[in-house]
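Residue numbers (this note's numbering), protein chains in the order written: chain A, 1 to 156; chain B, 1 to 283; chain C, 1 to 791.
Each hint should be verified, as a subset may be incorrect.
Where chain A lies over chain C, by a calculated footprint (3+ residues, C-beta under 8 Å) [unchecked claim]:
# : region
1 : 12-18
2 : 25-35
3 : 204-212
4 : 270-280
5 : 493-507
6 : 684-696
7 : 708-715
In the DSS-like style, the derived pairs of lysine-lysine whose C-alpha atoms are separated by at most 30 Å in a straight line are [claimed, not checked]:
#  : chain 1 : residue 1 : chain 2 : residue 2
8  : C       : 33        : A       : 4
9  : A       : 4         : C       : 282
10 : C       : 219       : C       : 33
11 : A       : 4         : B       : 29
12 : C       : 441       : A       : 150
13 : A       : 121       : C       : 662
14 : A       : 150       : C       : 323
15 : A       : 150       : C       : 282
16 : C       : 438       : C       : 406
17 : A       : 58        : B       : 233
18 : B       : 29        : A       : 58
19 : C       : 495       : C       : 441
20 : C       : 323       : C       : 183
21 : B       : 29        : B       : 233
22 : C       : 14        : A       : 121
In short, the hints are calculated from the structure, not lab data.
All C-beta atoms, glycine included, are put in the ideal place defined by N, C-alpha and C.
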Amino acid sequence: MANKVPITLKVNGAERSAEVQPRTLLVHFLREDLGLTGTHIGCDTTQCGACTILVDGKSAKSCTLFAVQADGADITTIEGVASDGDLHPVQEGFWEEHGLQCGYCTPGMIMSAIHLLNENKSPSEQEIREGISGNFCRCTGYQHIVNAIKYAANKG
Amino acid sequence: MIPEEFEYKRAATLDEAISLMQSSGGEGKFLAGGHSLIPLMKLRLSEPGVLIDISRIPQINGITDQNGKVQVGAATTHAEVVSSDLIRRVCPVVAECAAEIGDPQVRNRGTMGGSLAHSDPSADYPAVMVALDAEIHLKGPGGWRAVKAGDFFQGMFTVDMAEDEIIAGIQLPPAQHAAYVKLHQRASHYAIVGIAAVLEMDGRTCTSARIGITGASTHAQRLTNVEAALAGKELTQANIDAAAAIADAGLEDVNSDIHASEAYRRAMVKVFTRRAIERAASR
Amino acid sequence: MAIITPKMIGERVKRREDPRLIQGRATYVDDIKIAGMLHLAFRRSDIAHGIIKSIDVSAAQAMPGVELVITGAELKEFLPPMPIGTPFPSPDHYSVAVDRVRYQGEPVAVVVAADRYLARDAADAIEIEYEPLPAVIDPERAMTGEPAIVHEAFANNLAVPYVPGGTGFDPVAGTVDNTAVDKAFAEADFVLSQRMLNQRLAPTAMEPRGVVAHYEPGKEHLTIWSSTQNPHILKTFVAALTGTPDNQVRAIAPEVGGGFGCKINIYGEDYVAAALSKKLGKPLKWIEDRSEAFQATIHGRDILAYVDIAGKNDGRVTGLKIKLIADIGAYNMILTAAIPTLTMLMLNGTYDIPAIRAELTEVFTNKMPTDAYRGAGRPEGAYFVERAMDMVARHLNMDPAEVKRKNFIKADQFPFATQMGAVYDSGDYEKTLDLALKNAKWEELKAERDRMRADGRIVGIGLSFYVEVCGLGPSASLPTGGWEYSSVTVERSGKITATTGASPHGQGNETTFSQMLSDQFGIPMGDITILHGDTGVVKQGIGTFGSRSQAVGGTALLKAGEKVKDKMARFAAALLNPNEETDTSNMVFAEGRISFKDAPGQSVGFSDVAAYAYVPVPLPAGMEPGLSDQAFFEPANNTYPYGAHIAMLEIDRETGEPRLLKMLAVDDAGTIINPLIVEGQLHGGLAQGIGQAMIEEVVYDEDGQLITGSFMDYAIPRATDFPWFELDKTVTPTPVNPLGAKGVGEAGTLGSTPCIVNAAVDALSPFGVKHIDMMLRPEKLWRIINEGATG
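With the sequences and hints as input, model every part of the structure.
Structure representation (structure tokens):
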């Protein structure tokens, strides 16, 4: 068995250290080792975006990163988005505008929306659609998700 | 989907990366953003014994001006290319192309060097590199080597690179009259056909042209017959149409799959060649 | 019955489910961990058809962390073939293939290991030798027995050789009288014929399947968590197959990440997890990869139709003949064989067609079995009928809206008995059509299309009108029973706990059911908890499919609530009027208080009555303490919601790429509890219907290899694929249930698909096209435009 590698990273503001197998995918490390199960897995080929998190402030698909690559990184998952019990404006938008049904794609979708709004404070409908084009939702037809992100943009 | 086991090494310098590769006994692969390699590893289509992480080597990061050309570190992400003022000013077609790759998350992690080294037949960057006549800077045990993009891509997933060589950077020449257009495959959003056109213009006359193509065949290449047809011509619609009409003539080993047969791809090569030239000429 | 004043019903209430989901705090099956839990991995066939010559598990068995490696032949000793839920003859279908594989992805061996990484490594180390057989891929060729036989006992690969239906068919005698149909065709001014394929799709719930099975030796109790739409059915089937008494099995659907029909089935992986947990006495988990989902989760649709439609030159359709051939794949799953019969059932569409002959044949091939996928047979029926009606309009050069209007079942004809044996409950189709035409500015839209065409653009508009069968029940139509169950308990505090056998996976029943109880009991929604998805908590149930949650499950809830409310009224009356016999039938529950209707000033607090009911001193004569009851609701009939869809589509002349410019729908789902949730359901249905029309198709090659085995080759719609959907509604309540609700979950998939193909045919009609099969692959459209292909 390949040697385990020590890593230290910041997750949702807290420093975490662990020894991981090199082949451990970051999404599995977050879910299995840290118990942060809000980040989901929906495909094998870096497309669906259910596993989207922020790595050093940028959206990334955590199924296509090894945990060792995140050594030293600052990571935000869906569990770290609300602060002191206050929902993030994007979370609030998803609730107000019914931007989710089964909820499985939702954490990844919210992380992509946060990244989008960090880069573009008031995106157009088309820019919102492009901003979440790396996230698949099979339930909503996306229309209420677009509304949810508009809501957050108007609030922020 | 879970990769096979491997050993992980992180290189701090190019020299260290090369020596790690040399000591891997042929089992090594370089890892930058991993967005070409990791999906293959998860499907167990690639099973390297050692991964050498080069993403933190300072020399291969960053975008700088070098006497009017742009030097892009191999570990530069697509998103960094899209938002680089320097690239947008000197050779905007590269930013235009980067914006067409994958989706926002993929652009945040995938790197230019990784994409070029992987040489997927339907990757976007190679067409632009070929059309720009970009220079790929390689470092190996014997020192530095520069390869023109037109010579770099040799076949499906095959490039002019020894196993222990590493892409350090890419030098992009300035180009204003340039464009990249692609036909998206609806599932993967890879290019069924992608065409980059880079024109030298004197007024409305095209003094020389370079056309790069991806998606249609085994690897990115130039459409020299189109280039010849454009050289010295005024860029009238008739001349553009005539040049585009022969775009597929020299292509061999044209891909065929459920998304596009060879006949359709050949037709699309003509359509997108014309669109790329039109758009480049309008800039 | 006490009086209900609607207050929350009909409101755009935001969902109670959402806070846990938007914060990543929900528990899906892969989030469950049990001490000592081991992981399963399946080694699957990489060929479509072949005989298993040998399996060598020795290398896998010797790997670190591996607990057990087991083959199909070994499992067969204690795990019988999987049951199905239809009455058709069916070949044995083992959870893991025993001696022969029949589709790519069929399980061949199972590994149990300490973690999922080791389990995968060991599964890959199993060596299997096959003797390949020719793959049966083309269903029409399969019907001749070529190139091979999938199951020895089914000659010519005929799973269901012949099912007739329609005018002159006597289901009791099994006889078919063709007089009326023959006459209609003989007297017709025209007969149009077309072969149409409703192509194979992958349901693709974003959460793949998964199961955790935990057998506790000593207690002899099995708990199984599964990403399922119907835990009660799962419990029944798993108990039977693993030989565990059903009162010792508890099935739990935790948070479920979408179903769309594919999670109705109980799959081999569920049974294997349960059986091996029982054998090993350890908890086991299996989570499906997306690649496995494409190969081994049921597919949808895949029905071929030969359509002949006959009519008069004034636009009247007088006869319809449809021969259906369903490619059901390699085996029967739970509802596989029944799905195409739903296609038959709906072949009357929304039209008063006097003579219909339908014939159905179902064929085995070497592909993943088909089963229910959003709409389950009805979208196929709506598609064939709506394409045929559009062909009539095109043939006669009439406005498609006028052809529909001319043939519609009229509002005064309901309830309407169709030629196919359905009884449509209620409807006013013209009203809905008129609203859709008005919203679309139909005449202006046609003019706009013509202007765009004059500019050289390839543009078309499409119209469709659908009816579907929802609110699935009664018991005669479902092998599991067609009722739904609910219980309602008013707790000592005056808060309410209700359970429902409907098992939502995105439908928002915790919200809509709270809205209903809030109105029924006159207390805030926040005081109500809805429990579901756990057979240990919800005593009985059927599940969520066939757009039945609201119409059937919601009615069961109201009935249970009514029983509790009646009892509570008697306790309230005893408090208000301790010394008199009083009539409690007209008591008012409002604003957290209970009063007599004619004495509103004299009321008692809801929570005071609750407290009294549990400490009833004195206990009113003839009463038991407590406020808890249950109800089963068996609907007398299905419901038949309907709607009109309009689309505008442009095709790139040079590339053939289609782009949807406009999508508009007017749906009638009867009474609506929560418009926000209904809009969400409609959007999602539209998205899947548009996906089918434009970008989705499962493709196997001639060797039975799945070409569309990942999202690299199987497209599902992204946000960038849609225009803004314009929705509106008409409301025609159903008489079938007291709510008047019809169901809405599948509606969008019925109307949008033919609507878009009608638009594409309209766009390409200048090129002589009369029909195009889905999906609208750019190359196919490009060939029509540039090479004179005709669809």
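Each hint tested on the structure:
{"no.": "1", "hint": "12-18", "result": "holds (count 4)"}
{"no.": "2", "hint": "25-35", "result": "holds (count 6)"}
{"no.": "3", "hint": "204-212", "result": "holds (count 5)"}
{"no.": "4", "hint": "270-280", "result": "violated (count 0)"}
{"no.": "5", "hint": "493-507", "result": "holds (count 3)"}
{"no.": "6", "hint": "684-696", "result": "holds (count 5)"}
{"no.": "7", "hint": "708-715", "result": "holds (count 3)"}
{"no.": "8", "hint": "33/C - 4/A", "result": "23 Å, holds"}
{"no.": "9", "hint": "4/A - 282/C", "result": "28 Å, holds"}
{"no.": "10", "hint": "219/C - 33/C", "result": "20 Å, holds"}
{"no.": "11", "hint": "4/A - 29/B", "result": "19 Å, holds"}
{"no.": "12", "hint": "441/C - 150/A", "result": "28 Å, holds"}
{"no.": "13", "hint": "121/A - 662/C", "result": "28 Å, holds"}
{"no.": "14", "hint": "150/A - 323/C", "result": "49 Å, violated"}
{"no.": "15", "hint": "150/A - 282/C", "result": "48 Å, violated"}
{"no.": "16", "hint": "438/C - 406/C", "result": "18 Å, holds"}
{"no.": "17", "hint": "58/A - 233/B", "result": "46 Å, violated"}
{"no.": "18", "hint": "29/B - 58/A", "result": "25 Å, holds"}
{"no.": "19", "hint": "495/C - 441/C", "result": "50 Å, violated"}
{"no.": "20", "hint": "323/C - 183/C", "result": "18 Å, holds"}
{"no.": "21", "hint": "29/B - 233/B", "result": "46 Å, violated"}
{"no.": "22", "hint": "14/C - 121/A", "result": "25 Å, holds"}
The structure fails to meet hints 4, 14, 15, 17, 19 and 21 from the earlier list, while all remaining hints are met.
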